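As given, the protein sequences belong to chains R and C, one line each in that order. The UniProt record's numbering applies: residue 1 is where the first sequence begins, and numbers increase by one. The UniProt record's numbering applies: residue 1 is where the second sequence begins, and numbers increase by one.
Hints were generated in silico from the structure; no laboratory data involved. Note that the structure is a prediction, hence the values are computed from the model and not measured. Note that the Cβ used here is the ideal one computed from N, Cα and C, for glycine as well. Careful, some of the hints might be misleading.
[To be verified] Some residues of chain R that are not near chain C, with every Cβ distance over 10 Å (derived):
#1 4
#2 23
#3 37
#4 40
#5 56
#6 94
#7 112
#8 113
#9 190
#10 246
#11 322
#12 362
#13 384
#14 474
[As the list claims (entries may be wrong)] To give an idea of the interface, some chain C residues facing chain R are shown, with a C-beta separation under 8 Å as derived from the structure:
#15 298
#16 300
#17 322
#18 405
[As the list claims (entries may be wrong)] If you want the ones that stay clear, here's a sample from chain C, every Cβ over 10 Å from chain R, calculated:
#19 12
#20 158
#21 202
#22 285
#23 292
#24 384
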Amino acid sequence: MNKPIRVVSVFCLLLFLALLVNATYLMYVRSDSLSADPRNRRVVTATFSRERGAILVGKEAVARSVPSDDKYKFQRTYPEPFKYAPLTGYFSWFSQTGVERSQNAVLSGDDSRLFVTRLVDLLSNSDPKGGNVQLTINRAAQDAAWNGLQALPGDAEGAVVALEPTTGRVLAMASTPTFDPNGFASHDFTAVKDFSDKLNADEREPLINRGIGTTLPPGSTFKLVTAAAAIESGNYDADSMVPGGFRFQLPQSSDTVPNWDGGDCGGRRITLTQALEVSCNVTFLTLANELGNDAMAEQAEKFGFNSTSLEDLGGQAKSLYPRDMDAPQTALSGIGQASVTATPLQMAMVAAAIANDGDVMRPYVVDEVRAPNLSVLDRTDPQSISKAISSTTADELTKMLVSVVDNGTAAPAAIPGVEVAGKTGTAQSVPGRPPYAWFVSFAPANDPKVAVAVLVQSSDTSPDEIGGGVLGGPIAKSVMEAVISP
Amino acid sequence: MSQTGSLMGFVHRRRRGAELFLLVLALAVGVGAYAAVGLGVEGAVPADMVGYGGWLTGLIIAAHITVRLVAPYADPVLLPLVAALNGLGLAVIHRLDLTYEAMGNDQHTFARQQLIWMTLGVVLFVATLVLLRDHRVLQRLTYTAGLVGILLLVLPFLPVIGRNINGARIWINVAGFSFQPGEVAKVMLVIAFSGYLVLHRDALALAGRRVLFIDLPRGRDLGPILAMFGVSMMILVLQNDLGSSLLFFGLFLAMLYVATERPGWLVVGGLLFAAGALAAYTFVGNVQNRFNFWLHPLDYYDASPGSYQLVEALFGQGWGGLIGRGFGNGFPERVPFAYSDFIISTIGEELGLTAVMAIILCYGLIVERALRIALISRDGFGKLMAVGLGSIVALQVFVVIGGVTGLIPLTGLTTPFLSYGGSSLVANWVIAALLLRISDQARRPAPRLDPVDDTSGDSESTQVVKLR
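Produce the entire structure from the sequences given, and follow the hints as far as they go.
Right, here's the structure in full:
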């Protein structure tokens, strides 16, 4: 009987070999792909229980992990929840948003740049820790932006974005209404689910970061783009005489468009500077009509329309300047109506580009990432993404915008002793809804340190051009002051 | 203690010292793992460390002394392997107990119960070795064992004591104790098959006709295999127990092949198995599900019935990786029944591929020792029993570890010596005792056949002892 016993032995050997090979395949080869499965709660829970790195603004944390005595060991907390929610986002057991999401690898400690740290942790048998993320935000500017939005009358909805024109650093990004990320970070997952459901069902959309996620018609602030395109065409400068008057006859249509105040902008022929000062619709409708869809679209795209630019924060909506608009729509686009939409970030980028000699810098919110031992792992370098206008055009526009603050509609943003460039805007929305008030500005005009865009989506406001100046101007002013005079 | 040489000039040594040394290593595994669980989960060596270690050591020493006294020539590797696996299993079950308690369930005492069952297992191990001095006695019980085996399989269907737990009707409940009679039936059936086949092997082996280089058996000899096939299918359909069904049929097939030396039986058996599997796949929805879960486990994660358990086990083992997360740093409690059928996924998650490989190798060694015993055994009955017992371990390990690691469709079976489960543990200790008894007989020097008054060793050269 020994021969079949040997056969059985070989068969058993094969069975055990198959087990060994399969175990190796499962636990070594397939290990990574199994860990990458989003349903794998082990990985999530392990990340959740780790000492996650802090998100810093200035020297203080706006998100950090503190020891907790339940089974997850650490509790994520947000000391200034509402003010910084659009930036930090939230970190819950289910998902993350904002910087918590975009910098998750560093914060959780899984980033490849933290490999050495991880190895040391493994050898010294200490729990892995996450790295820290330093934001570009200027604390005073963020305070000014947030306080300004909170001071708006009624249940205001709005956003403020401030950029450093020469680098693209985001100095402030506030949005209202917003949410408390601490509600998401709770270890009581049922409560988190309820909290999340409630916010998702809220008509005022508190989860949206309006600074980058809401696109609305930019109204008269878009006249900056129209003016830029006109000057770039070579046929205009700040003193060129342009058509004013009461009404503009839309091409291929019987409709006419009046000025916002029903006036004639000061005459049938006015300077381009004067047209911008009084925000003359007739002038910019005429210019856009004359330049045409292609030239306008090209200029808008150079400023960043029709693409996204923010790489270290999720949720940026594309600002749109459609390339297929007919003649009347193209004319209307000259005053920021028709199908043109923009985010506050986009309008801040327009102002920043004018302030920065025409160079559009890529906006960014993450300044540095640091290892748990505080050594700097990576620093974001400013990066130019396009040359929107020549520096002479930029100078002309700056000159005109200073005049808008000194003599025109943007007067509320004037800062004594500082040259401020600014432009108001009010865009029509659906009937029965208050118009959107915009304000873009930068200062000081001769050496720009900050460019701001303010959007007030709904508030108790009069539906005229002053709206943008009255509501947005003071907020822009306080943000600029916070940056200029610390 | 006469180490008389045989004609072949080779006599097995007793090797009890080697066994003792290996047992010390095995105890280090068991007691060390228990301490590591305490350190990993609670941050301190368990309070009952000394009591637990002492109890475990006492059991192992008792088993060792018994072997020394009544089976001095027994295989020296088997007992240490069994002891190491049992000790590690206890530690892992204790680790799960701690987590289940922390999750708010009331006190969990699976490890304590398992230790009690192990004690009973060792008592039966000792009793088997002491009472059964020659395994050939069991040949007399061929039909009794067969009858008892069948009765044990039928017990769960009896109205008062039968229990249906987790969809499989394989339990009985007597005086508060749950028991799986199928585990004991395995041993009974090995005895019955061995006795039957050793008597009828010639009839089953000689007659037949040759088709395509393979001798196929006669139709009238198909009776036993068909009967066994019927029993297997009955277990599958009535008890809804795919694993046991596969185990019993595979066991019978292996023994039939070894007894008759006729590969033809494997062909017949293989065809029957294929037909049975196809029928099961077609008519038993449960089997179809298991097959789908095996092929596409990740697709049925959220389904009901779904592959949640298997996928969680795969996630856990994948997360464990090469060296595991360490005791207390994994989440084995996410896998339902992590302490019984899925204990290997717990080990994979917390001790890693390294430990899983070590465990598979331990089982491989057990099977290798069993088959080696079969090779050197001097009597056909012993050979068949050793093959049968070794095949049980091999098949059971392959089916359950293969299922949990996704190699083959999942079927419920316990992992020998590791899994929580009294009936399985006790039965496996008896299997170990039987293997040791057969090996003691096989390795023992051949008895002197010459008269006692023979004065010199010269006669040994005239003595013909057929060892193989």
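Hints, verified against the model:
1. 4: violated, 4 Å
2. 23: The assertion about residue 23 (chain R) is violated, with a minimum of 5 Å to chain C.
3. 37: violated, 7 Å
4. 40: Violated: least Cβ distance 5 Å, not greater than 10 Å.
5. 56: holds, 30 Å
6. 94: Its Cβ never comes within 10 Å of chain C, the nearest being 16 Å, so this holds.
7. 112: Non-interface label stands for residue 112 (chain R): nearest chain C Cβ at 17 Å, farther than 10 Å.
8. 113: holds, 22 Å
9. 190: holds, 16 Å
10. 246: holds, 66 Å
11. 322: holds, 42 Å
12. 362: Non-interface label on residue 362 (chain R) holds, nearest chain C Cβ at 38 Å vs cutoff 10 Å.
13. 384: holds, 44 Å
14. 474: The claim stands: residue 474 (chain R) keeps its Cβ more than 10 Å from every Cβ of chain C (closest is about 53 Å).
15. 298: holds, 7 Å
16. 300: violated, 12 Å
17. 322: Interface hint status for residue 322 (chain C): holds (6 Å vs cutoff 8 Å).
18. 405: holds, 5 Å
19. 12: holds, 17 Å
20. 158: holds, 35 Å
21. 202: holds, 12 Å
22. 285: Check passes; 25 Å lies beyond 10 Å.
23. 292: Check passes; 18 Å lies beyond 10 Å.
24. 384: violated, 8 Å
Checked against the numbered hints above, the structure violates hints 1, 2, 3, 4, 16, 24; every other hint is satisfied.
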